[in-house]
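Asker: What follows is the residue order along each chain.
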Amino acid sequence: MPNILAMLIILVVAALLGYRAISAVPSLLHTPLMSGMNALSGITVVGAVAVFVTAPEGASGWAAAALVLAMINVAGGFWVTERMLRMFKAKSSDITEEEVPWQ
Amino acid sequence: MAVSLVAAVLIVGLFIVGIRLMQSPTSALWGNRLGSTAMLLALIWAFVSTGWADIGFVLVYIGIGTAIGLLLAQSVKMIHMPQTVALLNGLGGAASALVVWAAVIGYAGEDAALIFWGTSGLAVGVGALTFSGSVVAVLKLQGVAFRKPVQFPGYGHIFRATLAAAAVITVLNAAMLGSMYGVLVPLLVLLCLLGGFLMTLRIGGADMPIVISLLNSFSGIAAAVAGLAVENFVLVGAGSLVGVAGLVLTRIMCQAMNRSLLAVLTGFTPGAHTQEQKAEQEIATEPKSAALSEADLPGILREAKRVIIVPGYGMAVSHAQDAVRQLTNAFEKNGAEVKFAMHPVAGRMPGHMYVLLAEVGIDYDKLMDLKPINPQFAHADVALIVGACDVVNPAANAAEDTPISGMPILNAGEAKNVVVCNLDEKPGYSGVDNTLYDQDHVITVWGDASETVPRLTEMLAST
Numbered sequence: 001m002p003n004i005l006a007m008l009i010i011l012v013v014a015a016l017l018g019y020r021a022i023s024a025v026p027s028l029l030h031t032p033l034m035s036g037m038n039a040l041s042g043i044t045v046v047g048a049v050a051v052f053v054t055a056p057e058g059a060s061g062w063a064a065a066a067l068v069l070a071m072i073n074v075a076g077g078f079w080v081t082e083r084m085l086r087m088f089k090a091k092s093s094d095i096t097e098e099e100v101p102w103q
Numbered sequence: 001m002a003v004s005l006v007a008a009v010l011i012v013g014l015f016i017v018g019i020r021l022m023q024s025p026t027s028a029l030w031g032n033r034l035g036s037t038a039m040l041l042a043l044i045w046a047f048v049s050t051g052w053a054d055i056g057f058v059l060v061y062i063g064i065g066t067a068i069g070l071l072l073a074q075s076v077k078m079i080h081m082p083q084t085v086a087l088l089n090g091l092g093g094a095a096s097a098l099v100v101w102a103a104v105i106g107y108a109g110e111d112a113a114l115i116f117w118g119t120s121g122l123a124v125g126v127g128a129l130t131f132s133g134s135v136v137a138v139l140k141l142q143g144v145a146f147r148k149p150v151q152f153p154g155y156g157h158i159f160r161a162t163l164a165a166a167a168v169i170t171v172l173n174a175a176m177l178g179s180m181y182g183v184l185v186p187l188l189v190l191l192c193l194l195g196g197f198l199m200t201l202r203i204g205g206a207d208m209p210i211v212i213s214l215l216n217s218f219s220g221i222a223a224a225v226a227g228l229a230v231e232n233f234v235l236v237g238a239g240s241l242v243g244v245a246g247l248v249l250t251r252i253m254c255q256a257m258n259r260s261l262l263a264v265l266t267g268f269t270p271g272a273h274t275q276e277q278k279a280e281q282e283i284a285t286e287p288k289s290a291a292l293s294e295a296d297l298p299g300i301l302r303e304a305k306r307v308i309i310v311p312g313y314g315m316a317v318s319h320a321q322d323a324v325r326q327l328t329n330a331f332e333k334n335g336a337e338v339k340f341a342m343h344p345v346a347g348r349m350p351g352h353m354y355v356l357l358a359e360v361g362i363d364y365d366k367l368m369d370l371k372p373i374n375p376q377f378a379h380a381d382v383a384l385i386v387g388a389c390d391v392v393n394p395a396a397n398a399a400e401d402t403p404i405s406g407m408p409i410l411n412a413g414e415a416k417n418v419v420v421c422n423l424d425e426k427p428g429y430s431g432v433d434n435t436l437y438d439q440d441h442v443i444t445v446w447g448d449a450s451e452t453v454p455r456l457t458e459m460l461a462s463t
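Line by line, the protein sequences are chains A and B. All residue numbers for the first sequence refer to this note's numbering, where the first residue is 1 and numbers rise by one. All residue numbers for the second sequence refer to this note's numbering, where the first residue is 1 and numbers rise by one.
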């Protein structure tokens, strides 16, 4: 019983803190945010490891498939996010000139 | 339990810090790296807590998945990011469903609790729905199948009945404590696969950003519920984060299109019959007189000191990003200041357009969101529209009962002159004629943007 309670608390607290953090991400970074979330959803891999080593014969195949799929998400998600974020560049050095708004 | 709780709090905390670092493009890279480090810690913790059992096999499967993931991530083009994210959404959902399915087989016969059977049914169901929905989304985005929204009579009833049946079976399976899991869970999977298929089948291209965000959220919810089922704290916390992220983005996308999520999912289009008529009336009231022509273009472009470029998905379709960057350079060489007006739903997923422009080396501080850029159109000499239609259509504000009515638009029409580099004068995705095209200060240059935009660059250069 305390397990389910702890899990529900984690669920809610993570959702609240996550909500605050995610709402502050500018639209400039929404695509990398999403691909990063893809990587994060690969967290299923930890569940897959636990189930794989305890599962009986008939179940380990499914857990193995889950391991592979979850790791595609982890590796694919993080690497594609890295690639994207490396492309974002600010104006080099001549930032001083016309920073006044047009109005 | 205490140790695994502490480990979970630590790892999920690192994920949250990683997301917080994504608030600025300068720190975002480190946020991503912190996230991957936390993921590595989570994996090591999983090995430790299972006593490094079967570690050889586990590492082989992890290696296979990692290799496939890296290959995919390294080879994908930026224009294909939406389908890549959609694919990963689907794989995440499938992975969660498979883990729980394996746990179900493992637990069967044992004295598992009601909570296990309830959450496992939910996790398998949401995972399956995410998977099939994402597969359809990938096929649509890739242009392989279902490019047009598919509709058939009774669609709504079938969709609702499918979801209702899936819910009943989930409850039934839990109530029977899985005593008939061998029949009920596969049936649930089939129903949810059908549900996800139907859900996405009806979605049109312009609604894709919303659906991808929603499926992103589902993949997180599936992981979180799977965590509840297999009692894994890290899985619950991280899944919850992903679920919330997807929901936040879904809401932002819905607001940017002034559509309710329900309307998107049910394919409801307000006043689809009256829109043509309305648009015709609009045009009739605005007589064309002394309109500018392409001959005026070189002068207008050369004299422009303040330029706002409005990029749309059409620019990406004709691979004109590089041409747009060259034009930007030509403008700047000519002493003009160039900014980009970014509509939240430009592209096929949240933030897609930013990535496409960053890819060709356009600085992100030139890219401005709808709210800050809109007042600046009135001060701009030229608004240059490249492959965008609905997001600059004044009909969104003027006409009622069209699919885009009430959608916040970029007020490109307020610029002194407007140059439109779109493929043709056909309406955008919404099917509503663009009333901007007929205004006097607007010059339209129809054709493939990868050909028309370089022509503008030449006009600028040939002084």
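A couple of the hints might just be wrong.
[Said to hold, decoys possible] The calculated lysine-lysine pairs, modelled on DSS-like cross-linking and capped at a C-alpha distance of 30 Å, are: (1) Lys89(A) to Lys77(B); (2) Lys333(B) to Lys89(A); (3) Lys333(B) to Lys305(B); (4) Lys89(A) to Lys148(B); (5) Lys305(B) to Lys89(A); (6) Lys77(B) to Lys366(B); (7) Lys89(A) to Lys426(B); (8) Lys89(A) to Lys366(B); (9) Lys305(B) to Lys148(B); (10) Lys339(B) to Lys371(B).
These are computed hints drawn from the structure, not numbers from a lab. Since this is a predicted model, take the numbers as computed values, not measurements.
Asker: For Lys305(B) and Lys148(B), compute the direct alpha-carbon distance and say whether it is at most 30 Å.
Answerer: violated (42 Å)
Asker: Against the 30 Å threshold, does the CA-CA distance of Lys89(A) and Lys148(B) hold or violate the hint?
Answerer: Not OK: Lys89(A) and Lys148(B) at ~36 Å, beyond 30 Å, violated.
Asker: Compare the distance between the alpha carbons of Lys333(B) and Lys305(B) with 30 Å, and conclude whether the hinted pair is satisfied.
Answerer: Distance of about 11 Å is within 30 Å: holds.
Asker: Given the hint that Lys89(A) pairs with Lys366(B), test it: the Cα-Cα distance must not exceed 30 Å.
Answerer: Judged against 30 Å, a Cα distance of about 10 Å means the pair holds.
Asker: Tell me if the straight-line CA distance from Lys77(B) to Lys366(B) falls inside 30 Å.
Answerer: At roughly 23 Å apart (the allowed maximum being 30 Å), Lys366(B) and Lys77(B) satisfy the hint.
Asker: Please verify whether Lys339(B) and Lys371(B) have alpha carbons no more than 30 Å apart.
Answerer: Within the cut-off at roughly 14 Å; holds.
Asker: Hey, Lys89(A) versus Lys77(B), does the alpha-carbon distance stay inside 30 Å?
Answerer: The hint holds at about 18 Å.
Asker: Please verify whether Lys333(B) and Lys89(A) have alpha carbons no more than 30 Å apart.
Answerer: holds (20 Å)
Asker: Straight-line Cα separation of Lys305(B) and Lys89(A) no greater than 30 Å?
Answerer: Measuring from Cα to Cα gives roughly 24 Å; hence the hint holds.
Asker: Between the alpha carbons of Lys89(A) and Lys426(B), is the straight-line distance 30 Å or under?
Answerer: violated (35 Å)
Of the numbered hints given earlier, the model fails hints 4, 7, 9; all others are met.
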